[in-house]
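J.: Residue strings, one per chain:
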Amino acid sequence: MTFVVSSLVILMLVGAVAASFFRDLISAVIAAALVSLAAAILFYFLQAPDVAMAEAAIGAALTAAIFIIAIRRTKRYEE
Amino acid sequence: MRRAVTILLLIIVALGISLSLAKIPFGTPKTKVGRHYIDEGIKETGATNIVTSVVVSYRGFDTLGEVTVLFIAAIGLGVVLADSGREKIRKTESASLVLSTGCRVLFPLILVFGTYVFIHGHLTPGGGFQGGAIIASGFLLIYLGCRERRISRVASNLAESLGGLVFVVIGLLGLVFGSYFLLNFLPKGTANTLLSAGVIPIIYIAIGFKVGSELASIIDNLIEES
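Note that the protein sequences, when read in sequence, are chains A and B. Going by this note's numbering, the letters in the first sequence line up with residues 4 to 82, in that order. Going by this note's numbering, the letters in the second sequence line up with residues 14 to 239, in that order.
In short, the hints are calculated from the structure, not lab data. Idealized CB from N, CA, C, for every residue including glycine. Please note: incorrect hints may appear among the correct ones.
To give a feel for the contact side, a few chain A residues facing chain B, derived at Cβ under 7 Å [as the list claims (entries may be wrong)]:
1) Leu11
2) Ala19
3) Asp27
4) Ala60
5) Ile61
6) Gly62
7) Ala63
8) Ala64
9) Ile71
Chain B regions said to be covered by chain A (calculated; three or more residues, Cβ under 8 Å) [as the list claims (entries may be wrong)]:
10) 130-143
11) 147-158
12) 229-235
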């Protein structure tokens with residue numbers, strides 16, 4: 004239990020740091036979605052399934068899709 | 014130089030947050046109202062899911078504000094991305110066979126699951142916002158997989174307006190039949206059955222329709238423009 008929770012927290016940290024360091028914005032969005040997904044699983048383990056569902060649907064799916072649509076209109080690589 | 018300043022600022026912020034949180038004992042109940050919701054929530058609202066009883070019943074007015082914020086965001090996006098007369102240069106290359114077949118198989122299932130989540134909001138985890146978001150992600154799949162299909166603007170606007178209208182009208186009916194806005198005036202029934210908890214399921218179904226159509230129309234606006 005502690006192992007699962009702590010590895011999820013480490014995954015979130017890695018995803019967040021990776022999202023800020025990627026030059027390719029699509030990869031950054033996917034890393035940010037990974038943070039949301041790990042947060043959703045973490046919410047489930049912390050007995051908050053309501054929040055977990057909202058986080059998985061909005062954080063991991065819709066936000067990433069909206070960012071990718073926006074990137075398609077602008078530039079993919081950060082200078 | 015900038016990086017050093019950033020790191021210094023981050024350390025200061027982290028120090029401030031950790032110092033202010035260190036005094037609060039972790040995990041101990043600090044307010045009495047939370048205990049009251051857990052002990053009396055089922056009896057007072059009839060909803061087995063305590064989160065729902067707080068979101069729709071005890072803090073129903075806040076939820077109305079939350080729905081309004083989402084509504085304003087969707088309207089703002091629609092205004093910004095409104096058709097400015099320029100012709101569509103979007104080329105519609107059809108999706109691959111796997112994606113289009115998968116979306117045709119999965120879309121009804123996602124729709125049914127989202128509907129289940131918001132109809133059973135007072136019994137199981139989930140509710141209007143979660144169900145609406147799941148339905149909107151189903152529409153996102155349609156836009157990715159079956160690109161020639163479009164949701165009808167009229168139908169989504171109708172679902173959105175009806176959802177908001179039902180929420181407000183039920184709140185006002187509480188004033189008619191009782192003393193305050195969003196009063197639970199219907200019989201509560203036996204807890205843990207589908208037809209229980211009075212107005213809570215009706216409000217959550219309205220919220221589900223509203224959130225689902227709003228998020229779907231946000232995606233629709235964005236994809237039409239790109």
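J.: Take the hints in turn and mark each one as holding or not.
T.: Consistency of the hints with the structure:
no.: 1; hint: Leu11; in the structure: violated (19 Å)
no.: 2; hint: Ala19; in the structure: violated (13 Å)
no.: 3; hint: Asp27; in the structure: violated (19 Å)
no.: 4; hint: Ala60; in the structure: holds (4 Å)
no.: 5; hint: Ile61; in the structure: holds (5 Å)
no.: 6; hint: Gly62; in the structure: violated (10 Å)
no.: 7; hint: Ala63; in the structure: violated (9 Å)
no.: 8; hint: Ala64; in the structure: holds (5 Å)
no.: 9; hint: Ile71; in the structure: violated (10 Å)
no.: 10; hint: 130-143; in the structure: holds (count 6)
no.: 11; hint: 147-158; in the structure: holds (count 4)
no.: 12; hint: 229-235; in the structure: holds (count 3)
Checked against the numbered hints given earlier, this structure breaks hints 1, 2, 3, 6, 7 and 9; the rest are met.
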